[in-house]
Amino acid sequence: DAKTTQPTSMDCAEGRAANLPCNHSTISGNEYVYWYRQIHSQGPQYIIHGLKNNETNEMASLIITEDRKSSTLILPHATLRDTAVYYCIVRDGGAGNMLTFGGGTRLMVKP
Amino acid sequence: GAVVSQHPSWVICKSGTSVKIECRSLDFQATTMFWYRQFPKQSLMLMATSNEGSKATYEQGVEKDKFLINHASLTLSTLTVTSAHPEDSSFYICSAIEASRLNTEAFFGQGTRLTVV
Numbered sequence: 726d727a728k729t730t731q732p733t734s735m736d737c738a739e740g741r742a743a744n745l746p747c748n749h750s751t752i753s754g755n756e757y758v759y760w761y762r763q764i765h766s767q768g769p770q771y772i773i774h775g776l777k778n779n780e781t782n783e784m785a786s787l788i789i790t791e792d793r794k795s796s797t798l799i800l801p802h803a804t805l806r807d808t809a810v811y812y813c814i815v816r817d818g819g820a821g822n823m824l825t826f827g828g829g830t831r832l833m834v835k836p
Numbered sequence: 475g476a477v478v479s480q481h482p483s484w485v486i487c488k489s490g491t492s493v494k495i496e497c498r499s500l501d502f503q504a505t506t507m508f509w510y511r512q513f514p515k516q517s518l519m520l521m522a523t524s525n526e527g528s529k530a531t532y533e534q535g536v537e538k539d540k541f542l543i544n545h546a547s548l549t550l551s552t553l554t555v556t557s558a559h560p561e562d563s564s565f566y567i568c569s570a571i572e573a574s575r576l577n578t579e580a581f582f583g584q585g586t587r588l589t590v591v
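If you read the protein sequences in the order shown, they are chains S and L. FYI, in this note's numbering the residues of the first sequence are 726 to 836. FYI, in this note's numbering the residues of the second sequence are 475 to 591.
Derived from the structure by calculation, the hints contain no laboratory data. Check each hint, because a few of them may be wrong.
[To be verified] Simulated crosslink set (DSSO-like; lysine-lysine; CA at most 30 Å straight-line): (1) L:K515 x S:K835; (2) S:K728 x L:K529; (3) L:K538 x L:K515; (4) L:K515 x L:K540; (5) S:K794 x L:K515; (6) S:K777 x S:K794; (7) L:K494 x L:K515; (8) S:K728 x L:K488; (9) L:K540 x L:K488; (10) L:K515 x L:K488; (11) L:K529 x L:K488; (12) L:K529 x L:K540; (13) L:K538 x L:K494; (14) L:K494 x L:K529; (15) S:K728 x L:K515.
[As the list claims (entries may be wrong)] Computed spacing ranges between beta-carbons, pair by pair: (16) S:T790 x L:A546: 42 to 50 Å; (17) L:T556 x S:I764: 28 to 36 Å; (18) S:L776 x L:K488: 42 to 50 Å; (19) S:T797 x L:S492: 41 to 49 Å; (20) S:E783 x L:S547: 27 to 35 Å; (21) L:S492 x S:D792: 22 to 30 Å.
In this text, a Cβ means the ideal position worked out from N, Cα and C, and glycines have one as well.
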């Protein structure tokens, strides 16, 4: 799987949008971009994933650049409960492939 | 989303004893389950890939005789830490992928915190 690069940490004010960037310049054509988050002492929680097109669900939006070398996860109205480590992972779409976790971004939402 | 249940949530055991951790997919069938380990302030590290009805595939550096994995059904995989030592104390997490769906997300259990004293 291609490697990803994320900032180590970010702060965001409560109620504002949180924009978490991810670089994946070596992504291949069949690799999807997945986002997970991990709240302290819990298992990772799936947020969203996409291949080429931008995606939106009830939790977040995923913006993928046209060349697919980077993406941004957007939490439109961050709350204190969104404080977590956010992992950007690129993964082959085959069902058997595991997720390889990098360091992630520690997002701190502040009042 | 799909639910993966892990049991127990935490366990304390004496050095030299064995501990079994269960991972169940509650509302879907999982051909493949993955076991991860996470030390404090570190990311998740894949230990092994568990395939239903066959032997698990272990990552480099993970002792297969120490971390026994059994995936006897499409909804259950177990990880047994044998002869546990204090250095095995960690947060163990499983994940599962639904068998019938490609290009799909993996779902994670809530994790098991193992403390060996």
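Cross-check of the supplied hints:
1. Of the supplied pair hints, the one linking K515 (chain L) and K835 (chain S) holds, its CA atoms being roughly 21 Å apart against a limit of 30 Å.
2. For a cut-off of 30 Å, the pair hint linking K728 (chain S) to K529 (chain L) stands: about 28 Å separates their Cα positions.
3. Proximity of K538 (chain L) to K515 (chain L) is assessed by CA-CA distance (about 25 Å); at most 30 Å being required, the pair is judged to hold.
4. Restraint check for K515 (chain L) and K540 (chain L): satisfied, since their Cα atoms lie roughly 24 Å apart, inside the 30 Å limit.
5. With a CA separation close to 28 Å, the supplied pair K794 (chain S) and K515 (chain L) stays within the 30 Å bound.
6. The straight-line distance between the Cα atoms of K777 (chain S) and K794 (chain S) is roughly 10 Å, inside the 30 Å bound, and the hint therefore holds.
7. With a C-alpha separation of about 24 Å, the suggested pair K494 (chain L) and K515 (chain L) falls inside the 30 Å cut-off, and the hint holds.
8. Taken as a hint, the K728 (chain S) and K488 (chain L) pair is broken in the structure, with Cα atoms around 39 Å apart against an allowance of 30 Å.
9. Note on K540 (chain L) and K488 (chain L): the hinted pairing holds, with a Cα-Cα distance of about 16 Å set against a maximum of 30 Å.
10. Taking the CA atoms of K515 (chain L) and K488 (chain L), the gap is about 24 Å. The hint holds against a cut of 30 Å.
11. Proposed proximity of K529 (chain L) and K488 (chain L) is supported: the alpha carbons are some 28 Å apart, at most 30 Å.
12. Between K529 (chain L) and K540 (chain L) the alpha-carbon distance is near 14 Å, which keeps this suggested pair within the 30 Å criterion.
13. Distance check on the hinted pair: K538 (chain L) and K494 (chain L) sit about 14 Å apart at the alpha-carbon level, within 30 Å; holds.
14. For a cut-off of 30 Å, the pair hint linking K494 (chain L) to K529 (chain L) stands: about 17 Å separates their Cα positions.
15. The hinted pair formed by K728 (chain S) and K515 (chain L) meets the criterion: a straight-line CA distance of about 20 Å does not exceed 30 Å.
16. Between T790 (chain S) and A546 (chain L) the CB atoms are about 44 Å apart, so this pair conforms to the stated range of 42 to 50 Å.
17. At about 31 Å, the beta-carbon gap between T556 (chain L) and I764 (chain S) stays in the expected band of 28 to 36 Å.
18. For L776 (chain S) and K488 (chain L), the hinted distance range of 42 to 50 Å is satisfied, since their beta carbons lie about 49 Å from each other.
19. Checked against the hint of 41 to 49 Å, the pair T797 (chain S) and S492 (chain L) passes, with Cβ atoms roughly 45 Å apart.
20. Separation of E783 (chain S) from S547 (chain L) is about 32 Å and conforms to the stated range, judged on CB atoms against 27 to 35 Å.
21. A C-beta distance of roughly 50 Å is found between S492 (chain L) and D792 (chain S), which places it outside the suggested range of 22 to 30 Å.
The structure fails hints 8 and 21 (numbered hints given earlier, in ascending order).
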